[in-house]
Amino acid sequence: MLHIVNKSPLDRNALDTCLATAQGGALLLIEDGVYAATTGNSAVGKLKQAMGQMKVYALKPDLEARGMADRVLDGVNLVDYGGFVDLVTEHATCQSWL
Amino acid sequence: MLHIVNKSPLDRNALDTCLATAQGGALLLIEDGVYAATTGNSAVGKLKQAMGQMKVYALKPDLEARGMADRVLDGVNLVDYGGFVDLVTEHATCQSWL
Amino acid sequence: MSEGQVKKFMYVNRKAPHGTIYALESLEVVLIAAAFDQDVSLAFMDDGVYQLKKGFNTKGIEVKNFQPTYRALDDYDINKLYVEQEALEARGLTQEDMCVPVEVLTRAEIGKLMETQDIVLSF
Amino acid sequence: MSEGQVKKFMYVNRKAPHGTIYALESLEVVLIAAAFDQDVSLAFMDDGVYQLKKGFNTKGIEVKNFQPTYRALDDYDINKLYVEQEALEARGLTQEDMCVPVEVLTRAEIGKLMETQDIVLSF
Amino acid sequence: MKIAILINEGPYTHEATDSAYLFARAAIEKGHQVSRVFFYHDGVNNSTRLTEPPQDDRHVVNRWAKLAQDHNIDLVVCVAAALRRGIKDENLAPGFRISGLGQLIEAGIQADRLVTFGD
Amino acid sequence: MKIAILINEGPYTHEATDSAYLFARAAIEKGHQVSRVFFYHDGVNNSTRLTEPPQDDRHVVNRWAKLAQDHNIDLVVCVAAALRRGIKDENLAPGFRISGLGQLIEAGIQADRLVTFGD
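Residue numbers (our numbering), protein chains in the order written: chain A, 1 to 98; chain B, 99 to 196; chain C, 197 to 319; chain D, 320 to 442; chain E, 443 to 561; chain F, 562 to 680.
Bound-form chain A, shown alone (with noise of 0.2 Å):
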């Protein structure tokens, strides 16, 4: 199933709680929640775990809006909104971890 972050990591366990619960699948970070994707958030070293069980994406325009586009971790999957719709179609269904 896809796994919908939109929390800051270091603002709300969001991310934390969804980590600890998925079995797999895959992981979208979007709104403030792109934060977790960025080199040097003390967060990373969780995500780079996540990231052998999980696939992660992160949506681009949220990260430009933030002028962090350009500090994207490696392993980390650059969307669209197009490629939010397709993340949702291609998994049966999808948590938002609010």
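Hints in this document: simulated from the structure, not taken from any laboratory.
By construction, the Cβ of each residue, glycine as well, lies at the ideal position given by its N, Cα and C atoms.
Misleading hints may appear alongside valid ones.
Unchecked claim - A few chain F positions that, by computed beta-carbon distances, are all more than 12 Å from chain C:
1) His-593
2) Arg-610
3) Ala-629
4) His-632
5) Asn-633
6) Ala-641
7) Lys-649
8) Ala-654
9) Gly-656
10) Arg-658
Claimed, not checked - Straight-line distance between alpha carbons at most 30 Å, and here's what the computed DSSO-like set of lysine-lysine pairs gives:
11) Lys-60(A) to Lys-327(D)
12) Lys-55(A) to Lys-203(C)
13) Lys-563(F) to Lys-399(D)
14) Lys-627(F) to Lys-591(F)
15) Lys-444(E) to Lys-55(A)
16) Lys-591(F) to Lys-158(B)
17) Lys-508(E) to Lys-60(A)
18) Lys-444(E) to Lys-203(C)
19) Lys-255(C) to Lys-563(F)
20) Lys-46(A) to Lys-144(B)
21) Lys-627(F) to Lys-530(E)
22) Lys-530(E) to Lys-60(A)
23) Lys-250(C) to Lys-146(B)
24) Lys-373(D) to Lys-60(A)
25) Lys-472(E) to Lys-60(A)
26) Lys-472(E) to Lys-55(A)
27) Lys-530(E) to Lys-378(D)
28) Lys-255(C) to Lys-627(F)
29) Lys-250(C) to Lys-153(B)
30) Lys-48(A) to Lys-158(B)
31) Lys-649(F) to Lys-508(E)
32) Lys-327(D) to Lys-373(D)
33) Lys-46(A) to Lys-153(B)
34) Lys-444(E) to Lys-308(C)
35) Lys-627(F) to Lys-260(C)
36) Lys-204(C) to Lys-55(A)
37) Lys-158(B) to Lys-627(F)
38) Lys-373(D) to Lys-46(A)
39) Lys-649(F) to Lys-383(D)
40) Lys-255(C) to Lys-591(F)
With chain A held as given, fit chains B, C, D, E and F onto it using these hints.
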């Protein structure tokens, strides 16, 4: 000064940042912030440490609403809304860690 | 209305009660869902476990106490309530603190259940 | 209107931009505050430091880019901008990443400054 | 594919409704059908006809209404959440309708996917 | 003492406005003056006359209006935030007035304390 925290310590970083920033004064826990003052919560260590530098209060009506009034950490002072008002008037300024 | 289809709906509750309205309005969805004869389960994770903490007394904050509604869920045949074990432990709570019968599962177990759902709704 | 009084106002910004409107609406307050000839300072803590990260390009999310407004603050004689050192470090950012000149302070130093204020506003 | 959307937050304050809109538009561009958008919690505030954002800003309410009209999307506002927050027929924007929570469950049953946007 | 209050969130969704109300009432009971309540961000949604909460629930808007009338509190709604969110004279509840952000700064200058309630 009076520091007011209204967020659960396990959901957001407000309490952490408040405690790392505050230079003495008093801490008042309200709304979901009152969970930080309850025994067995994994944040109590931080709160106990903070008690060395600042007086800690929690809003009793918010504890009661959450069914947590009977498990308040030793050393936390319970106040009602009148006590909240007194804390505001007794301190020259207050900061709500939203 | 339901076209005879039965889907598996899971409602994931991760927010503390009273500080925000999500707990109450999530419960309102679940009660309506019951009328649709779908397969309904509720997961309480993180601060969401506080929603089930026994003994709400909301007089002092002057809001309605919606906790009795959780006890009504069983009358609507909603009885798959899962509570996250790690969340209870981090909050000093046990199964006995819950206001209704629940099944305690680890995060990983909840994650596995989530994979079997058709719809996951999060509040 | 201001009765000749000068008070020290500190605006504390702890929230990321775009995910919520607080950064933008906080900026609107600060600009108005400038007209009142008060002593104004801004503190950026936690995710609030992201508000000043250079290079916003908001075309893709179709919202207005309000970052240029930070550069206008100096025209309003608002130039006490404090950024939390620990917040920068935890986010892989440095002073050079900020879109305006700022003073980098530790949390404890910001806490000391806070103690000298008459009004602290938090968004 | 038939996609339904749930929006839990109001306009401007949270990015949720913007993300949902851009997602819905992209889904339509890809040939999918967005069958229903359900507005719940503060999401009901997306349906007031009285918003007047700054002229250089997007108009969240109107662009939902326009997208819905152009692509036959059912914009449903939860009646219970709306009454609590002051959304009624008298301030409801054209293109939206007020109905019960059953419409959310029904959307979940009938659509192939349900995507939630919120805080 | 003269106390001013800032409210950043709307009714029912967040506890902020409830906490602020109970705080204001307690301040008045203790003999303090609540000079002004300023509604900003989603806080402007506390001023719509159209809310209809369930009968067994508190009426957030009306009880602010009543407290203000009984104790001469100036309830000010930020015009910029209100326009964005669809609060105008036509749906404004009695007892509230719409004005500029300057009223918040002024409240801070003139009051002895300013207390913020939000998310």
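*Return the numbers of the hints above that this structure violates; sort them in rising order.*
11, 22, 27, 30, 33
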